[in-house]
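The whole structure should be built from the sequences, with the hints applied where relevant.
Same order as they appear, the protein sequences are chains L and F. Going by the numbering used here, the letters in the first sequence line up with residues 55 to 298, in that order. Going by the numbering used here, the letters in the second sequence line up with residues 55 to 298, in that order.
Some clues are possibly wrong.
In this list, chains with the same sequence are indistinguishable; a pair is considered to hold if it fits within one copy or across any two.
What the hints assert, rightly or not - Using 30 angstroms as the maximum straight-line C-alpha spacing, the simulated DSBU-like pairs for lysine-lysine come out as follows:
#1 Lys71 / Lys129
#2 Lys71 / Lys85
#3 Lys85 / Lys192
#4 Lys124 / Lys65
#5 Lys192 / Lys92
#6 Lys263 / Lys85
#7 Lys129 / Lys192
#8 Lys254 / Lys85
#9 Lys254 / Lys71
#10 Lys254 / Lys129
#11 Lys124 / Lys58
#12 Lys149 / Lys92
I should point out that these hints are in silico values taken from the structure, not numbers from a laboratory.
2 protein chains.
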Amino acid sequence: MLSKNQIKLIKSLGQKKYRQQLNLFTVEGVKGINEFLKSNYKLQTLFTTASVFETESHLVQDITEVELKKITALKNPNTALAIFEMPQQRLPSNKGLKIALDAIRDPGNLGTIIRLCDWYGVQDLICSTTTVDCYNTKVVQATMGSLTRVNVTYLNLESYLETTKLPVFGTFMSGETIYTSNLPEEGVIVLGNEANGISKSVEDLVLRKITIPQFGTSATTESLNVANAGAIVLSEFRRRSIEK
Amino acid sequence: MLSKNQIKLIKSLGQKKYRQQLNLFTVEGVKGINEFLKSNYKLQTLFTTASVFETESHLVQDITEVELKKITALKNPNTALAIFEMPQQRLPSNKGLKIALDAIRDPGNLGTIIRLCDWYGVQDLICSTTTVDCYNTKVVQATMGSLTRVNVTYLNLESYLETTKLPVFGTFMSGETIYTSNLPEEGVIVLGNEANGISKSVEDLVLRKITIPQFGTSATTESLNVANAGAIVLSEFRRRSIEK
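The structure is reproduced here in structure tokens:
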């Protein structure tokens, strides 16, 4: 049975403030929870309506469907909700290809970008402190477990770009076209905010401005979705590394 | 002032059933509405809290902020809501590059894919009848006006693929890698459902199975987001057309 305090705790983890105070976050659904269980993330408590998990039993608490409905953030909850501990932040390595986000606000976009990094073997995702929290419930759900395999770090983006020895690329409406410019195997690719793109202070630290050429005859499309732009650019960087 | 019947009508347009009965749909926000006003779409009524639109004044009705809140589907409504007429469905042309969707369910994904088609000059987007309605409020908002420039057609996908003379490509977890296989300038690229991919009956009609190679060492990522996969594949098709 769920106690009032447990319900209160879980509800509070819907807010960034409490996640950070308590160093805890929630994951829902059998598939997602299993991805976190087999990773280095540390389980605090697992609430489930069915005995389908292989983990330390003293951390598992059986609940009813009615109780699950009280704690879920989903419209259609799926079997279980788990509380995990947030890992300590690990600084990005100084080699390889990285993605950096300048004030991405939409949880779905961040989740999709984390999946994308996982697919293309980008180990570090660097986020400005103005980017949505990766432990936000919607982000965690959208990552489909990829969050366990990508190191997401929140830091002062300007300071990071100033000090990194890797070449810094930024996606803009105009710049070198990605299809024909020389793209190295290592570097930081900056993606900007959904509405405003890359901020002026970050733009000043970009070494090479790159762009995705538009093929429509109308040429009035304002922009691609940021996760889509990231997908196209990352694909092109990785394609070059095979070509070599 | 808004009448009760007007409020009822607008609310009803949140449902596909009523949109199809009445042949009407809604668009919100100044930017989005302006894109539809300058397109071939026919305005029925424009409700606005500010005189910022250049259009036939007998179709414009001033409303208050309080009234806007009664009819909006958004958390933060922006100035205006317009009702437009749905255009008659136009069959896809028999040339060029096309995207076909097999049961895409998420409005955000469909909206993003419509923007993508617009960016890459894909004039026809073919949707299975099981794909989410492109006049769904969330889809219209996510397209950022691109819906006015892409011809979206709902039809029996199997029949279409059976009869088209264009080569049919489908994205799968295994197949020819997009980076090295020969990609023509014309064809239909099929993208599958978010959870289940391309259905068996559609798979049987695919001429060439293509795949996006995975670069992660873990190789456990299940899939990319469908709009991201579409972005990567479409980018690669278009890149080849410049290379030639």
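When no copy is named, should lysine 124 and lysine 65 be tagged within, between, both, or neither for a Cα gap of at most 30 angstroms? Answer is both; intra-copy 9 angstroms and inter-copy 29 angstroms each pass.
For lysine 124 vs lysine 58, is the C-alpha pair at or below 30 angstroms within one copy, between two copies, both, or neither? Only inside one copy: lysine 124 and lysine 58 sit 10 angstroms apart there, 36 angstroms across copies, limit 30 angstroms.
At 30 angstroms max between alpha carbons, let me know whether lysine 254 reaches lysine 129 within a copy, between copies, both or neither. Cα proximity of lysine 254 and lysine 129: across copies only (29 angstroms, versus 39 angstroms in one copy).
Taking 30 angstroms as the upper bound on the Cα-Cα distance, should lysine 263 and lysine 85 be classified as within, between, both, or neither? Answer is between; shortest inter-copy Cα gap is 27 angstroms, intra-copy 39 angstroms.
At most 30 angstroms between CA atoms: does that hold for lysine 254 and lysine 71 within a copy, between copies, both, or neither? within (28 angstroms within a copy, 46 angstroms between copies)
Lysine 85 and lysine 192: within-copy, between-copy, both or neither at 30 angstroms Cα: Both: 15 angstroms inside a copy, 27 angstroms across copies.
My question is about lysine 149 and lysine 92: at a cut-off of 30 angstroms on alpha-carbon distance, are they close within one copy, between copies, both, or neither? Only inside one copy: lysine 149 and lysine 92 sit 27 angstroms apart there, 48 angstroms across copies, limit 30 angstroms.
As a check of your reading, is lysine 71 near lysine 85 (CA-CA no more than 30 angstroms) within one copy, between copies, both or neither? within (27 angstroms within a copy, 34 angstroms between copies)
With 30 angstroms as the alpha-carbon cut-off, assign the pair lysine 71 and lysine 129 to within, between, both or neither. both (23 angstroms within a copy, 22 angstroms between copies)
Pop the pair lysine 192 and lysine 92 into one bin, within, between, both or neither, using alpha-carbon distances up to 30 angstroms. within (21 angstroms within a copy, 36 angstroms between copies)
From the Cα coordinates, with 30 angstroms as the cut-off, is the pair lysine 254 and lysine 85 best called within, between, both, or neither? between (41 angstroms within a copy, 24 angstroms between copies)
At most 30 angstroms between CA atoms: does that hold for lysine 129 and lysine 192 within a copy, between copies, both, or neither? Classified as both: same-chain Cα gap 12 angstroms, cross-chain 17 angstroms, threshold 30 angstroms.
In this structure, every one of the numbered hints holds.
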